[in-house]
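We have chain A already, so just place chain B on it with the hints.
2 protein chains.
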Amino acid sequence: MVTRLSQLFVRTLREDPAEAEVASHKLLVRAGYIRRQAAGIFAWLPLGLRVKARIEQIIREEMTAAGAQEVHFPALMPREPYQATGRWDEYGEQLFRLQDRKGGDYLLAPTHEEAFTLLVKDLYSSYKDLPLTIYQIQDKYRDEARPRAGLLRGREFTMKDAYSFDHTDAGLERSYMAQRDAYERIFQRLGLEYAIVQADAGAMGGSRSEEFLHPTPVGEDTFVRSDGGYAANVEAFTTLVPEALPIEGLPEPVVFDSPGTTTIQTLVDHSNAVLDREVTAADTLKNVVLRLTHLDGTRELVVVGIPGDRDIDDKRVEVAFAPAEVEAANEEDFAANPLLVRGYIGPWSETGPILGEDSATGIRYFLDPRVVDGTSWITGANALDKHVHGLVAGRDFTADGFVEAATVRAGDPAPDGSGPVSLARGMELGHVFQLGRKYAEALGLKVLDENGKLVTVTMGSYGIGVTRILATIAELSNDDKGLIWPEAVAPFDVHVVATGKGQEAFELAEKLVADLEGARLDVLYDDRAKVSPGVKFGDAELIGVPKLVVVGRSAADGLVELWDRRSGEREVVPVAEAVARLSA
Amino acid sequence: MVTRLSQLFVRTLREDPAEAEVASHKLLVRAGYIRRQAAGIFAWLPLGLRVKARIEQIIREEMTAAGAQEVHFPALMPREPYQATGRWDEYGEQLFRLQDRKGGDYLLAPTHEEAFTLLVKDLYSSYKDLPLTIYQIQDKYRDEARPRAGLLRGREFTMKDAYSFDHTDAGLERSYMAQRDAYERIFQRLGLEYAIVQADAGAMGGSRSEEFLHPTPVGEDTFVRSDGGYAANVEAFTTLVPEALPIEGLPEPVVFDSPGTTTIQTLVDHSNAVLDREVTAADTLKNVVLRLTHLDGTRELVVVGIPGDRDIDDKRVEVAFAPAEVEAANEEDFAANPLLVRGYIGPWSETGPILGEDSATGIRYFLDPRVVDGTSWITGANALDKHVHGLVAGRDFTADGFVEAATVRAGDPAPDGSGPVSLARGMELGHVFQLGRKYAEALGLKVLDENGKLVTVTMGSYGIGVTRILATIAELSNDDKGLIWPEAVAPFDVHVVATGKGQEAFELAEKLVADLEGARLDVLYDDRAKVSPGVKFGDAELIGVPKLVVVGRSAADGLVELWDRRSGEREVVPVAEAVARLSA
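These protein sequence lines are chains A and B, in that order.
The first sequence begins at 1 in the numbering used here and counts up one residue at a time.
The second sequence begins at 585 in the numbering used here and counts up one residue at a time.
Each hint should be verified, as a subset may be incorrect.
[Said to hold, decoys possible] Derived pair list, reagent style DMTMM-like, types lysine to aspartate or glutamate, alpha-carbon separation capped at 25 Å: (1) A:Lys-26 - B:Asp-713; (2) B:Lys-705 - A:Asp-129; (3) B:Lys-686 - A:Glu-318; (4) B:Lys-686 - A:Asp-129; (5) A:Lys-102 - B:Asp-706; (6) B:Lys-610 - A:Asp-122; (7) A:Lys-102 - B:Asp-673; (8) B:Lys-686 - A:Asp-122; (9) A:Lys-121 - B:Asp-713; (10) B:Lys-705 - A:Glu-19; (11) A:Lys-102 - B:Asp-1111; (12) A:Lys-26 - B:Glu-1145; (13) B:Lys-1114 - A:Asp-449; (14) B:Lys-1085 - A:Asp-129.
Simulated from the structure, these hints should not be mistaken for lab results.
This is chain A alone, in the form it adopts within the complex (with noise of 0.2 Å):
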């Protein structure tokens, strides 16, 4: 196919659009491949429907080879499936919900768990239809708060979602494995660099899960990797708990004054000032009061006591204790809890403990994995101006639990014991998730097995953003110039400049392109007459199809310019080798 310049639905701008942050969001509207529609919502001009097509195409090639089945759910869906799992609910503000004219409640799905287990549901009933693998290519809605960065926060997006189904733990591993293979076959024919990070599975109720990360300085997501192999991201990177210390023979807890010293780095000055020994802030323990807001609207605040040297990690502390909402004590929580003294908060006093369950407080108290029984600490007496030193976990205080909350930094241990860890960014490329039965579950999804017994089915779940994954190609392969699509996703196979005034380049144009047609190529032909080749060469550019090919001055001599967009080599060539060569 040809394709005209002169006919194209385009144009091409100048300018960054004013909304635009990040140069996928600004180059895709430059370069004349969407247009914002409203917040997070996009239309796709010819340009990026072609993008988007190309990188579907490979994503159906590699499921169909992994065995797994396209069906098509729509994105408006009925209340009752999500209610029954409960996230009609969950999912808050996040979800586009409306009503019919009859009044009733429908969504604009942002998910379809609960749709393709109901239809597995209806259509099987025997492990002999399993294993099963489906999958969609779908728009989908999610309601951001502040939808960003263009296509890579949206608030309607294109999304593979597969799902599997087994009837046993084997069987789903096995699944996944599927999944996940296609996965890097897919980002390796889309020529994405990936690592594969291990993931929170928690609030999706499963079990085993993974990112597919491509590391970038500019990703939005960190994630940690040691040189032994292990990697995850934050959230779901987990504490190397070290052994217990024997409590026998530790000093007793002493209280001392500490009159205005209600930060770490006070705190640790006045001790070394006024303690024999030498003090740095790991040997202090922060206590931070956090406010819950549980799925049923109750409110509860905790206090979490973590090593001095670490601050509360937003994203961890949100896992560690999903699904309920976290957010830090406002004065009124202070003001509605006298018995904690703000700056001097800890989880023991004079008087008896203060934090705990069955505290005078009452108020629940987490533990960072680090603060081992035996350990002995330097934290707030929750008196006025006092702290306590040698106050040791397991004998003067302990935990109602632990959580993942704190920071990690290079150099932690990583958990399998494979070595310290260094910190990366990444951006997210796709997910594979060992749901479980948690959806099966909750909606009567069960087979009969080789036995005759009925049996809860297992799930899996695998995610591609499309969109998402588009402009990540654009976020990674750009100049200031514009787009620098690779071949495998580029809108066309060759863009064909021809510039000059004579009619020589043009005639030489209409059979080169003619002969790459021939040689089954797309092409894009800029056959604009009056158009300056500043401005052909210019938009050849910003739109990034990586081959191109000039037909200008040489013409009369049968000559072509080979013009290498992401190397910006230029060679000049015979018509009939660049012919050859561009159909090689």
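Using the frame of chain A, we list chain B on its own:
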């Protein structure tokens, strides 16, 4: 590609689904093509998705051949553009409306005229950019009051909607014809017989408008056609207006007693008894009181006078008064207008005019176009138990306007003089439509013309319901055993059924499907062990791939059976001949 039925995600049903009324709905569910999610909302199983993809592919090819370019809009659209054209309100309860978390108003688009208009305004500014035709294949939403007939009238449906943009009327005519020609090719390739009929253009504000209808007794639309080539749907049919007659010398109106004659039939009987001439219903003027609800919510009573041998046609009267809504007047309306004497209503009374803007009631009076000046009528005298005869149009009463509200009958003359029309039923396949400048005007889409003058763009709109076409084909292509797809859209090219207890048939079938795959055919292979031939044949007939091969008893001799699903013919041939004939 070979798809094994043992692996295919499908389950066939013996019973019709309870909610299904029409053949396409019953069979598409029973054969495992679609599954209901909510009223008028369906999920697509692999079989259904394959047929849908084939239809879409044909449409895409013909759109490309016609020079149309593909774009894609979101289903979720902001209110503003629809507000600007008035359609946010005009759509009434048909529109799914919702709010985002910030309270912004959105809708699920039932059609995208506004969005396309604004996109072109955003990109283009000169006549040199035109003509342009862009289209999308996209999921649309309409909150039907009574979703029914499966995919034929769903609340979610897939449409191909194209829009053309020109700066001259001649350009619009060319763009319109290009789409119209493409539609003819599409329906020819789909094997769908069609009639192109004039359609009403009024409500959408445009000019030329034609529908593609498939003539079939089960169609839900009625249309008329003459042997001379005229074709129109009933809403668009216009009356061939007779010449006015001389008024001079006609006898004066005479009031006569007519107790208890409140229907046309009793009036005709009574008139024949008391008047000295033969009277038929066609001599009487029937006056029907209607209540209009205008867009701004105001209500108005109007009276429509039609010859007594016809009735008001609901669809025609709706179009005639659009965008106002039309209902029959109710008790309350009559109570509020005591000057209207029920059963005896007429435009005239012995005390003066009763109907018309300057009359005693002030109620506007509309006439059927056949009631030309000089025609003489028997009608109500607007007094209890009294009618009048010899009431002459243009002398004794006049109308505020003429409306096409009366039923159309076989034998009525076509408006173009091409002879009497007959009535037929059809299913709508597509619609081509000259929108004109309505949307460009409302949304300010102008371009500079050849003289540097800003001119408003003129548009066309062209729609095909993809899912509706699929259902239409299913509705037309079936027998009592199941579906029978035309080859162009069948989910597979060939369906191979292996039967028998030995391995021979399965071994030969494996070889056959490999050969068919080598010939680039899409093959469905029923490889199921332990399933009886009867069940396999039944499933094959239900699924409806038109070309089948049965590999069974004669497999040992290298023979297979070619089975034509449509004719039912079976023919035993050597396996090599089967491959040759199927891949021809």
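Here is how each hint holds up against the structure:
no., hint, verdict
1, A:Lys-26 - B:Asp-713, "holds, 24 Å"
2, B:Lys-705 - A:Asp-129, "violated, 53 Å"
3, B:Lys-686 - A:Glu-318, "holds, 24 Å"
4, B:Lys-686 - A:Asp-129, "violated, 46 Å"
5, A:Lys-102 - B:Asp-706, "violated, 38 Å"
6, B:Lys-610 - A:Asp-122, "holds, 16 Å"
7, A:Lys-102 - B:Asp-673, "holds, 18 Å"
8, B:Lys-686 - A:Asp-122, "violated, 38 Å"
9, A:Lys-121 - B:Asp-713, "violated, 53 Å"
10, B:Lys-705 - A:Glu-19, "holds, 20 Å"
11, A:Lys-102 - B:Asp-1111, "violated, 46 Å"
12, A:Lys-26 - B:Glu-1145, "violated, 61 Å"
13, B:Lys-1114 - A:Asp-449, "holds, 18 Å"
14, B:Lys-1085 - A:Asp-129, "holds, 21 Å"
Of the numbered hints given earlier, the model fails hints 2, 4, 5, 8, 9, 11 and 12; all others are met.
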